[in-house]
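Asker: So the sequences go chain by chain: D and V. Taking this note's numbering, the leading residue of the first sequence gets 384, the next gets one more, and so forth. Taking this note's numbering, the leading residue of the second sequence gets 19, the next gets one more, and so forth.
Hints were generated in silico from the structure; no laboratory data involved. Where hints are given, some of them may not hold.
Unchecked claim - Heads up, incomplete: computed chain D residues facing chain V, CB under 8 Å, no partners named:
no., residue
1, D419
2, L422
3, E544
4, G614
5, H725
6, H727
7, T731
8, Q735
9, H744
10, P757
11, A758
12, L786
13, F787
C-beta: ideal position from N, C-alpha, C; glycine also.
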Amino acid sequence: MLDAARLRADFPLLERQEHGRRLVYLDNAATTQKPDAVLHAIADYYRTTNANVHRGAYSLAIRATEAYEAARAKLAGFVNAWTPEGVVFTRGTTEAINLVAGSYGRAHVGRGDTIVVTAMDHHSNLVPWQILCQEKGATLRMVEITEDGRIDLSDFGTALEGRPKIVAFPYVSNALGTVNPAAQLTRLAHAVGAVVVVDGAQATPHLKVDVRALDCDFYALSGHKMLAPMGSGALIAKPELLEAMPPYHGGGEMISRVFDDHSTYNKIPHKFEAGTPNVEGAVGLAAAIDYLGAIGLERVAEHEQALAQAAIDQLTQIDGVTVYGPRGHRAGVVSFTYGDIHPHDIATILDQDGVCIRAGHHCTQPLMRRLNVPATARASFYIYNDLDDVAALAGSLVKAGALFGYVPA
Amino acid sequence: MDTSPPEPRLSALYQELILDHYRRPRNKGTLDGATHSVSLNNPLCGDEIDLQLQVEGGAIKAVRFVGRGCSISQASASMMTQLLKEKAVPQALALAERMSAMMQGDETAAGDKSLGDLRALAGVSKFPIRIKCALLPWNALTDAFKGQW
């Protein structure tokens with residue numbers, strides 16, 4: 384396992400106390416904390432390099448542009464993107480998927496066509512496709528999940544028989560922690576001619592991602608879930624697809640020549656980056672990639688899996704606790720319920736011990752309906768968590784049980 | 019594992035009476051002959067309530083609810099239905115205002131006997147994020163009579 388205590392020293396927020404207790408931050412699937420390296424990179428950018436990118440002819444603006452483009456190249460290397468031009472900076476995963484739906488989708492999906500999603504997709508990889516299908520008169524087909532929270536491969540195969548135009552799925556489920564066989568799903572979808580969109584929000588921070596090995600067509604990620612600032616993220620795409628796609632947002636930067644009544648557009652990726660981009664986000668993301676790279680994503684994955692396993696072992700020992708999701712092939716996300724204690728009540732009680740977990744539907748309402756629960760409590764781990772945090776979670780949960788009469792106080 | 023007694027603020031929040039209403043909700047179910055029906059949910063946390071009222075001659079003759087959610091929202095709904103029976107609508111709406119005041123930390127409201135069992139929810143005011151849970155059924159009530167009284 385990683386030396387979490389040493390890493391924690393890099394994260395100023397984690398030194399804080401909540402309600403007089405050590406902060407035990409277990410909501411990393413929602414967003415991670417930021418290390419000094421990222422905070423300093425952002426501050427340094429504004430102190431030494433800030434100017435608008437791709438516009439100025441002066442040295443400062445050239446350095447700002449270089450910093451922005453260097454971040455793009457670094458991210459391209461981090462996920463083994465096809466080319467840096469195939470990396471479009473976005474506000475995050477949600478915007479990246481909306482870009483695909485709004486540009487590729489609107490150009491290629493028509494009446495009677497089918498788009499396939501899964502019952503474990505985050506709303507951000509569902510609602511954009513619902514909107515597109517409603518606009519185009521297309522059909523949305525939701526692939527079922529198995530009882531232990533994996534994509535039902537047999538239903539996936541049946542869905543592909545409808546020859547969908549687009550197949551979208553999450554690499555890692557934000558609510559269950561399931562690591563889906565993304566390369567296999569992509570191969571199956573390509574065999575029927577579909578274009579594959581992978582929601583990588585929960586995978587990129589936690590395991591070694593290689594988009595070329597996956598061979599998907601579009602891959603969306605968020606920076607803020609991997610130590611970088613909020614509002615940073617990207618769409619990684621096969622460049623030839625981006626070349627052929629119409630623009631998404633109109634404005635400055637994305638144009639080549641503008642006439643009174645029409646325009647020609649800039650080359651990729653700039654065609655999809657209208658307006659002044661989030662340069663501090665890109666610079667912060669580059670610093671986060673350096674930080675994670677120094678640790679190694681394989682070790683990050685191992686560390687989280689060990690914590691998740693410890694959490695599952697300890698929580699399932701508490702009478703009345705149900706843990707959702709598969710036992711194998713999972714990331715550091717542990718979703719659970721405890722008897723009839725509503726997850727919000729659990730979260731409130733744990734908060735008094737400084738333990739931060741998420742309670743709710745996790746933006747996966749179709750999944751919650753299939754699990755037959757209105758909500759779950761969710762603990763999600765990252766590099767700075769350790770076994771003490773798991774023990775704090777379990778201990779605090781016993782207190783919740785005492786308040787609700789499950790165990791003697 | 020740490021099994022020391024829960025902090026006092028928590029025991030103030032999760033009183034026996036609240037858990038009793040949560041586990042044995044009063045007036046739960048659908049109402050035949052309802053004159054007013056409102057469905058409300060809290061998209062942030064997923065709490066849901068369907069509130070049905072039967073109003074005759076300006077008074078609430080019967081009230082029932084169906085809901086899903088945390089102990090605070092469900093106990094508040096259960097307690098509210100107990101209180102509303104035979105109340106004139108303006109009286110019911112006045113209670114909604116008292117409830118809202120109690121959630122804002124108004125201590126005179128918290129001591130107001132007219133709120134009945136609901137006074138057990140006074141501790142919620144110390145947990146700002148949970149106030150919306152306690153007020154969900156009351157917001158359904160005020161929605162039911164919006165523009166009519």
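Asker: Determine for every hint whether it applies to the structure shown.
Answerer: Each hint, compared with the structure:
{"no.": "1", "hint": "D419", "result": "30 Å, violated"}
{"no.": "2", "hint": "L422", "result": "27 Å, violated"}
{"no.": "3", "hint": "E544", "result": "34 Å, violated"}
{"no.": "4", "hint": "G614", "result": "21 Å, violated"}
{"no.": "5", "hint": "H725", "result": "4 Å, holds"}
{"no.": "6", "hint": "H727", "result": "4 Å, holds"}
{"no.": "7", "hint": "T731", "result": "6 Å, holds"}
{"no.": "8", "hint": "Q735", "result": "5 Å, holds"}
{"no.": "9", "hint": "H744", "result": "5 Å, holds"}
{"no.": "10", "hint": "P757", "result": "5 Å, holds"}
{"no.": "11", "hint": "A758", "result": "5 Å, holds"}
{"no.": "12", "hint": "L786", "result": "5 Å, holds"}
{"no.": "13", "hint": "F787", "result": "6 Å, holds"}
Checked against the numbered hints given earlier, this structure breaks hints 1, 2, 3 and 4; the rest are met.
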